[in-house]
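Required output: the full structure, derived from the provided sequences and hints.
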Amino acid sequence: MLYERSFFEAKICPPRNFASRVANMPRPLVFTNGCFDILHRGHVTYLSRARQMGASLVVALNSDDSVRRLGKGAGRPLNSLEDRMALVAALECVDLVTWFEEDTPLSRIIESRPDVLTKGGDWAIETIVGAIEVRAWGGCVHSIPFEFERSTTALVKRIRKTCTCGG
Numbered sequence: 006m007l008y009e010r011s012f013f014e015a016k017i018c019p020p021r022n023f024a025s026r027v028a029n030m031p032r033p034l035v036f037t038n039g040c041f042d043i044l045h046r047g048h049v050t051y052l053s054r055a056r057q058m059g060a061s062l063v064v065a066l067n068s069d070d071s072v073r074r075l076g077k078g079a080g081r082p083l084n085s086l087e088d089r090m091a092l093v094a095a096l097e098c099v100d101l102v103t104w105f106e107e108d109t110p111l112s113r114i115i116e117s118r119p120d121v122l123t124k125g126g127d128w129a130i131e132t133i134v135g136a137i138e139v140r141a142w143g144g145c146v147h148s149i150p151f152e153f154e155r156s157t158t159a160l161v162k163r164i165r166k167t168c169t170c171g172g
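Numbers in my numbering are just positions in the sequence shown, counted from 1, shifted up by 5.
Just so you know, the hints here were simulated from the structure itself, not pulled from any lab data. Be aware that one or more of the hints could be misleading.
Unchecked claim - Here are the computed distance ranges between Cβ atoms for each label pair: (1) Gly143 / Gly76: 33 to 43 Å; (2) Asn29 / Glu97: 31 to 41 Å; (3) Ser25 / Ala79: 34 to 44 Å.
Backbone N, C-alpha and C fix where the C-beta goes; we use that ideal spot for every residue, glycine too.
Dropping the structure here:
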């Protein structure tokens, strides 16, 4: 049986169309990025808080190769880029999802010229990629404090530690 593309998958935008899609989004525009390998409560809360800072929220995900280069551990990402994007796009607070192949999302940040750039509370503002550029065009940068201490890496370690299947 064939299924039509889900309504939320329309929120997924390839990089080649990103600049034109984001140009028509309501402002202020909020931009964030990450791996979002196993979506958890910390991710959902963070994205909801980010969305409250503007009229639109754009999320850029690391490609599978980009995640591997981050050194998050063997077998990461666990979920493919396609699956990770679908899950993030399904969240009501997210307006557009794209990805980047590079080690950082700087190209997507420059293309979208967000009014607000956010990362999670484990990022110091001065280390957030794109902070200098966003501030230069009059935007602001926020490191959103964690409300729930959750980590995909810690979750994967816990699963692997309790696995009795040799994995």
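> Which of the listed hints are not met by the structure?
Replying inline: 2
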